[in-house]
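Given the structure of chain A, go ahead and fit chain B onto it with the hints provided.
Chains as they are written, first to last, in the UniProt record's numbering: chain A, 1 to 262; chain B, 1 to 262.
Keep in mind that the hints were calculated from the coordinates and are not lab data. Mixed in with the good hints there might be a few duds.
Note that the list lumps identical chains together, so a pair holds whenever it fits in one copy or between two copies.
In silico DSSO-like pairs for lysine-lysine, Cα to Cα no more than 27 Å straight-line [to be verified]:
| id | residue 1 | residue 2 |
| --- | --- | --- |
| 1 | Lys10 | Lys171 |
| 2 | Lys260 | Lys200 |
| 3 | Lys146 | Lys200 |
| 4 | Lys200 | Lys171 |
| 5 | Lys171 | Lys146 |
| 6 | Lys146 | Lys10 |
There are 2 protein chains.
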Amino acid sequence: MGRYDLEYPKEATNTVKRLNERGTYSLETIHRIINSSQILHISFTSPSQPFPVILPMIGQMGSFDRPSADTGDPLDLYLHGYVSSRIMNLSRAQSDGEDPQGMPVCVAASHVDGLVLAISSFSHSYNYRSAVLFGHATLVTDEEEKMYAMELITDSVVPDRWRHTRLPPTKAELQSTGILKVRIASGSAKIHVGQAHDDKHDMENEAMRDSVWTGVLPIHQTMGEPLASPYNRVDVPGYISQFAQDFNGDNQQQALDAAKDQ
Amino acid sequence: MGRYDLEYPKEATNTVKRLNERGTYSLETIHRIINSSQILHISFTSPSQPFPVILPMIGQMGSFDRPSADTGDPLDLYLHGYVSSRIMNLSRAQSDGEDPQGMPVCVAASHVDGLVLAISSFSHSYNYRSAVLFGHATLVTDEEEKMYAMELITDSVVPDRWRHTRLPPTKAELQSTGILKVRIASGSAKIHVGQAHDDKHDMENEAMRDSVWTGVLPIHQTMGEPLASPYNRVDVPGYISQFAQDFNGDNQQQALDAAKDQ
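Excised from the complex, chain A in its bound form (with noise of 0.2 Å):
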């Protein structure tokens, strides 16, 4: 990170209306979200329907143009898809078409961290941490910035995978993979963490106090034991192992330290 937090700019697209004390504009907690999430939702609209369309979709930042960027520096986001899908045809098609800048989409990821119970059901709620960005999405076609981003993508799944699979990709591979790239207009995030609150009539409703549980259930995601192919003949890499080792440390510590009263 740089010596700032950069924020994206406040304006009418993303200025976070309700509750705005959980609202950010931080690049790095956005980016964060966004990049920790294994899928993200991007909706688009095209001319020829009535509703917008949310496809579920495997992506991260990253920036091409400077490879040692920071999570919290301006990022581009890179989306993984079939080439002939709907989404990168209409890309293509806006981007060579009426609009050179791409398709306007808005990317979503959310992570639940827990459910917080109170006495009232109105007062309960999740601990969570979602992010929204909105974008211009267009193909990515220089073959440099495409395999940069393939690399990226994979190595977000499991990190240090990219160089422990066949490479190089084949023709074949390469030409039935699209990347979209999405180039941010802006985003912003809400975040919630917390232990139950309730109103004053209720923490003074002894009968309630004495009969209903209050608290935080605290949710994460859980990596079990790998579960080898039929086909496998190698023992489980260390790259594997410390991944699911600090993936389940650190979303369980997350949604600990998210149950903790503020």
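The following block gives chain B in isolation, referenced to the frame of chain A:
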């Protein structure tokens, strides 16, 4: 479920174009994915801005007209939110104004059940379940339906929680909470299960077979020990400990089942 496994009609909006062997239109399958997701992503467009918007929300499918309906029956989606949030205001404005059907939305839910690691990075995959629904959102104004939806949504977070909280809701609670009802127009789901697979040329590559670990890293959500609030006076009740136990057992089993070689 009824005598038939009902399906949403296949139309341009919802047809799964890519890898269609994974696509399904079964109401039962789609509704289960939505109902077991703690956070739903809702997308809508606003005339005042260029990007579609995604919001994370809590919701559940049900039928106010026929509360005994099964998961595989035609259902509505109820979403919970703050009454003067942007999505509520837009829904209200649209159904009062140009489109009495309500605001067109897309709703998505995705679960990751495992990371599938192959010899080629291009044969990597996820085991996952994802669903999208398309429909029109309107604000619920009927008091009885609003109460039905709030109970439905609270009990979707922790089964049986509603009747263990302070009831009835106060007037202020009811007034500050908005419920959106999405009438579903169509939907689809994509599911991927299985062990790692590689193309023939990678399977015949002895050097790679001897060096690359292939298999599945199963992933599931885990609920940790309940953490009581500072003002809690009650032991963890059975309906909560049972829920935590079922949640953990079911999710782990789902991830393990998904990783089985097909």
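Quick rundown of the hints versus the structure:
| no. | hint | in the structure |
| --- | --- | --- |
| 1 | Lys10 to Lys171 | neither (43 Å within a copy, 34 Å between copies) |
| 2 | Lys260 to Lys200 | within (21 Å within a copy, 52 Å between copies) |
| 3 | Lys146 to Lys200 | between (57 Å within a copy, 25 Å between copies) |
| 4 | Lys200 to Lys171 | between (66 Å within a copy, 15 Å between copies) |
| 5 | Lys171 to Lys146 | within (13 Å within a copy, 56 Å between copies) |
| 6 | Lys146 to Lys10 | neither (31 Å within a copy, 34 Å between copies) |
The structure fails to meet hints 1 and 6 from the earlier list, while all remaining hints are met.
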